[in-house]
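The listed protein sequences correspond, in order, to chains A and B. Residue numbering for the first sequence follows numbering that gives the first Met the number 0, starting at 0 and increasing by one per position. Residue numbering for the second sequence follows numbering that gives the first Met the number 0, starting at 0 and increasing by one per position.
None of these hints come from the bench; they were simulated from the model. Hints should not be assumed to be uniformly reliable.
Given that identical chains are not distinguished, each listed pair holds provided it fits within a single copy or across any two copies.
List of simulated lysine to any residue pairs, SDA-like, C-alpha gap at most 20 angstroms [unchecked claim]:
1) K26 / G359
2) K26 / L55
3) K236 / G108
4) K26 / D387
5) K26 / A356
6) K236 / G181
7) K236 / A323
8) K26 / A574
9) K236 / P78
10) K236 / Q208
11) K236 / P675
12) K26 / F389
13) K236 / E466
14) K26 / D37
Number of protein chains: 2
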Amino acid sequence: MNKGQHLCNFFNPRSIAIIGASRDTHKLGHGIVRNLHDYHYRGDIYPVNPRAREVLGYRCYAEIAAVPQPVDLAIVVVPARHVVSAVAQCGEAGVPAAVVVSGGFGETGPEGQARERELQEIAARYDLRLLGPNCIGTIDTHTPVNTTFVVGMPPTGDIAFVSQSGAVVAAVIDWALGSGVGFSRMVSLGNSADVNETELLAEMAADPQTRVITGYLEGVADGRAFLQVATEAAREKPVVMLKVGRGEGGARAVASHTGALAGSAEAYDAAFRKAGVLRASSLEELFDWARALAWQPLPRGNRVAVLTNAGGPGILAVDALEGAGLTLAPLTDATLDYLASRCPPHASVRNPVDILAGSGPATYARALDALLADETVDAAVVIQAPQDWFYPTSLAEVIGEVAAGRAGPAKPVLACIMGLASTADALAILHRRRIPNYAFPGRVASTLAAMLARRRWLEASPEPPIEPFPADRETAQAIVQAAVQTRAAILGGSETSRLLEAYGLSTPAHDRATTAAEAVAVAEELGYPVALKVTSTEITHKSDVGGVEIGLSNASAVRAGYERIMAAVRRHRPAAEVDGVMVQQMAATGLEVIVGWKRDSQFGPLLLVGSGGTEVELTRDIAVGIAPLTRGEAEQMLDSTLVSRRLAGWRGAPPADRSAVIDTLLRLSQLALDLPQVAELEINPLRVLAAGQGALAVDGRGIIQSRDL
Amino acid sequence: MNKGQHLCNFFNPRSIAIIGASRDTHKLGHGIVRNLHDYHYRGDIYPVNPRAREVLGYRCYAEIAAVPQPVDLAIVVVPARHVVSAVAQCGEAGVPAAVVVSGGFGETGPEGQARERELQEIAARYDLRLLGPNCIGTIDTHTPVNTTFVVGMPPTGDIAFVSQSGAVVAAVIDWALGSGVGFSRMVSLGNSADVNETELLAEMAADPQTRVITGYLEGVADGRAFLQVATEAAREKPVVMLKVGRGEGGARAVASHTGALAGSAEAYDAAFRKAGVLRASSLEELFDWARALAWQPLPRGNRVAVLTNAGGPGILAVDALEGAGLTLAPLTDATLDYLASRCPPHASVRNPVDILAGSGPATYARALDALLADETVDAAVVIQAPQDWFYPTSLAEVIGEVAAGRAGPAKPVLACIMGLASTADALAILHRRRIPNYAFPGRVASTLAAMLARRRWLEASPEPPIEPFPADRETAQAIVQAAVQTRAAILGGSETSRLLEAYGLSTPAHDRATTAAEAVAVAEELGYPVALKVTSTEITHKSDVGGVEIGLSNASAVRAGYERIMAAVRRHRPAAEVDGVMVQQMAATGLEVIVGWKRDSQFGPLLLVGSGGTEVELTRDIAVGIAPLTRGEAEQMLDSTLVSRRLAGWRGAPPADRSAVIDTLLRLSQLALDLPQVAELEINPLRVLAAGQGALAVDGRGIIQSRDL
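Please work from the sequences and hints to get the whole structure.
Below, the structure is given as structure tokens:
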């Protein structure tokens, strides 16, 4: 079933029935009819209410079945207990889509949840697409149609807003009206009993009137589906999301560092990055970014020209730009000469270009034109501190004309006509010219940084998937199967090592021993020095319980080490079942890195890389990404950690084998996807040897996915 | 001379002369007379212009000497070349204060700088206080007086704004008019030839109409003076600053980690923290904080009640609050019961309290009253998503009444009547009621965090200075003097050790050796194992050139280590003069901490503490503070680093001697103030032993202050 085909009825219906339409101006069912009328809906409007003859001049019907013409969209705004039958009647009448405004469903407790399930069943039975319940509906400013009861219709524009909060939609409508920023569509999801955020994302991606998709998100229905749809949408047009709800962060008491460090907040970050979704940190930022992304081209690089009529505002811009990773364009000598010849004496022609308070729109025009023509400039910010020499409207016209009328590569222009009381007319002109304005210069910085992030994602994506590594899947499956059959929750060091070896990863030579004498025999075989590590499926942080002895250089040291481990483990964990020890050849010296993954409930295997050792939870020098990792994603993850700088050779140290870390990440990404019964797996430390010499998985542990857990 | 006594003339003059007053409406000299008139200045106005009879109906004088009455304030707005003589004439005429609006001074190059020095001399000669040049003047809304030419008078209020940019003042005036936020005074400093930011800070602190002092700062004239005045001002009333200009950060190639890590940006941070100055990161934040600090009491703790009529906006607030270190108040059972009995069914009475969309101002009133009466609540945030059941003005009245009319301890109330188009009337009521409003809920978070930071600074301050440590100052001076006399730029490890010992700090036993044989002899004396470290005043990062050998356990190892060092140093630094090696007893194992200081050009000794070792510049786990440190400041510095958590015993490790680190910081603070000829001094690593066992300064280096450097 191609369910998506019906979603257009929410935005461009030929006719709308309002079930629960009311003559009482205090009722929602009145507000909806009023909005359809006041905001110039051109299709047919059919109020349904058995106790009214007409509402706002529209003939009223006793039931949906009595409506004489086909209805594309029903809006249901009756008490909760009547909703299911109302929607069923819509289904019977062949209505393909319904907005359920009424609350009293999943959000209210078990009874409401049951009612919501009934609603889902009815919708599925009639193949009726349902938005809500507990939502405020949809707006399309181009159709135009406003199915909400909220007073106010946002100006026409090209930003779509998808929200899991109706109240936030109401606030954004009010903000849009106040700021004059236009929208193409708004939609409130409510409880998402049927239509969810991911389907709407796809619908907005397909809407020709929408240039930027924005959203207020509390969660997603299906992480993998969201990833796929968001990636496709982001290839079409910018997607900017405000994700709220910090979630549980890392769970509290968990079996691995990876589990502790990679919670749902980190998973969303990684998913957004992978999909090219820009993540805003506030509603202000969401729309600061959206209007620049909708109206202006992307910058090709990070070199910004700042044009100002006063020093202080220029410094504000420069501070913020540099803080966001942008840089001041150097400008060519030709530009500097030109500016020097056209600007007043004492003007500062070096970037930030300060043409001084006495300059008017003509000077701005010449300077902006020269800056945009300069090959070292990727973007321009034009600042005007309030003055009364000329009308800000004149500057607005000039900025719009110069930005639009240029030959050569497109470059974004952002304006800062500063202030609030005197700027309304100028803003109206800028908006018509599609130039975003920011009342204070600092706000341009995160906006340009977001535009640049999008540009770089587009350039890097789509990246071809990596070739599968040769792997001994049979052995790997057998190891996991054995653990599952013995109902072991944990894969010990020895099993994990074999698993890693099956995926082509190197581990130090090792063998097991169950007595001190056996340990000595194994050590003699491997060669000194050796390390001993307790093996127990019940102990995950071995060093915390005295279960690790390192640097044992002869037989007596191994014997003593064995006894110390057994004593320490008995003291710390008297109940734990101990299988003996793993005797391991000591790894050569090298940097300690952690590489691991856990299965996120939404997005699947979440990989992690960072500074290894016992302090990973303290230093938190980690980066996360979602499987399957591409090589570029793995490189980016590692690049964003401090340990990558250590690997490169910090303070004259020889460089370590960075490519072995990337290789390990990619192999774990494949392993995670191959072995669904493993819930988490972690190498810590991965000892990274000198460049070209690889890396050794010195210690590893895995967690088996268990339905019982 | 009590220069401060004259500053009142800038804000409350009985008469004003405008030198350069003009009939031409395009001239600044016209705008100033117009503003004095239009904004209801009640004192005498004397335009001075030899070529006009009157300006805007005020009789015009040919020169300042011709004005028949005493003039409290002259505003000079004539071409730069005439300014000095105009000010001199003011001095002759006994005018005590002048605003020089004209530009063309220090900002324009050597000629202008010379002119500015002349201006300073004239002002000093006549004991005339001078604001500017190159500034836009002053505003006092209570007097009222507006000496600027900028169109617009901010509403009357209690926020003072001191700015080193006139353009930013103009933008803030426009913002104030648009937002309806009132100001007591605004002042633009220009080039600060005479009156500077620090004096004005003191003046604002003394102004009874000002409750909060805000500022836009590019730098300070005298760091130590600023520190003192700002501290005194912050005891009186909140001081909030936007400090711009990132400065040079840490200098690039420097001799110590401390020098690299503690640049002028860090020094300003430390100075503001010490003085209790709140540092905003943008103009928006500056005034978000200022109006809450001006209008509402400080919270006693970090427990916030959120009252909302919709879920999404509540989540936005909670996300931001938790991100800023605040927490949701748990609420007492009595409050929960009360709310349950008074709120609609399905309302969420647990914090965040969601009274649902249908609730009106009466429900808000009851709920807010109950929340403010709850002993677990330190602050309340009241959110209203746009709706059309009731007028937002009604809610504004109710919030104001409940917030003001309570018995019991004062608690701050912040409003979020959301949106932009429909909220103007409600905001006017809130402002009259002194309730700050934030259009989007996220912005309350940094505001409450700033209020709480101020509360905690007030509680912790003033802290008594620490008792001076007994120190062998004579020896310390002798060591420094010897270095100065030999023109050595660097204090080597051995001298630094002796210096530290003179201040009561412990170092590992050590001695010097200039041959391998001597090194063995010293090692036998100290006991094995030992470390060898090259000694050379030309080598600062010894391990980078192979100049350190550790863990040498017998005579042959010491001999071999000595030869390796000499060979490595010859290879890396063939030209360096090498004095031999320091043979040092190996310190017991312990955590490595860095403790150091450098002399900041503005604020004096800037102390630093953090994770030590060779990677300090990579991990950047450091905190800075300004001497003299109090014990509380030293504790706070250490607390803000990760190494403090290691010291406390990370993952079951035994706790280390934290107090020895604090002690070291405090002793270095004293040493830095005692020995002005030392420019930098650093211990890295300070090896911190187990709790109660102290710490050893394993390696140290100092830089001698040199006029030649």
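Hints and how they fare:
Taking the closest pair of Cα atoms, K26 and G359 come within 20 angstroms of each other only across two copies (15 angstroms); inside a single copy the shortest separation is 54 angstroms, beyond that limit. For the identical chains of this complex, K26 and L55 are intra-copy neighbours only, at 13 angstroms inside a copy versus 59 angstroms across copies, given an alpha-carbon limit of 20 angstroms. For the identical chains of this complex, K236 and G108 are neighbours neither inside a copy (39 angstroms) nor across copies (49 angstroms), given an alpha-carbon limit of 20 angstroms. Taking the closest pair of Cα atoms, K26 and D387 come within 20 angstroms of each other only across two copies (10 angstroms); inside a single copy the shortest separation is 49 angstroms, beyond that limit.
When the C-alpha separation of K26 and A356 is checked against a cutoff of 20 angstroms, the pair qualifies only between copies, where the shortest distance is 13 angstroms, while the shortest distance within a copy is 55 angstroms. Taking the closest pair of Cα atoms, K236 and G181 come within 20 angstroms of each other only inside a single copy of the chain (17 angstroms); across copies the shortest separation is 43 angstroms, beyond that limit. Proximity of K236 and A323 under a CA criterion of 20 angstroms is satisfied in neither setting, with 23 angstroms inside one chain copy and 33 angstroms between copies. In this assembly of identical chains, the alpha carbons of K26 and A574 never lie at most 20 angstroms apart, being 66 angstroms within a copy and 90 angstroms across copies at closest.
With identical chains, the CA atoms of K236 and P78 are never at most 20 angstroms apart, being 39 angstroms at best within one copy and 54 angstroms at best between copies. Taking the closest pair of Cα atoms, K236 and Q208 come within 20 angstroms of each other only inside a single copy of the chain (11 angstroms); across copies the shortest separation is 52 angstroms, beyond that limit. In this assembly of identical chains, the alpha carbons of K236 and P675 never lie at most 20 angstroms apart, being 34 angstroms within a copy and 61 angstroms across copies at closest. In the homo-oligomer, the alpha carbons of K26 and F389 lie at most 20 angstroms apart only across protomers (13 angstroms), although the nearest pairing inside one protomer, at 50 angstroms, exceeds that limit.
Proximity of K236 to E466 under the C-alpha cut-off of 20 angstroms is found in neither arrangement, the shortest distances being 29 angstroms within a copy and 65 angstroms between copies. Taking the closest pair of Cα atoms, K26 and D37 come within 20 angstroms of each other only inside a single copy of the chain (16 angstroms); across copies the shortest separation is 50 angstroms, beyond that limit.
Figure legend: structure checked against the earlier numbered hints; hints not met, in rising order: 3, 7, 8, 9, 11 and 13.
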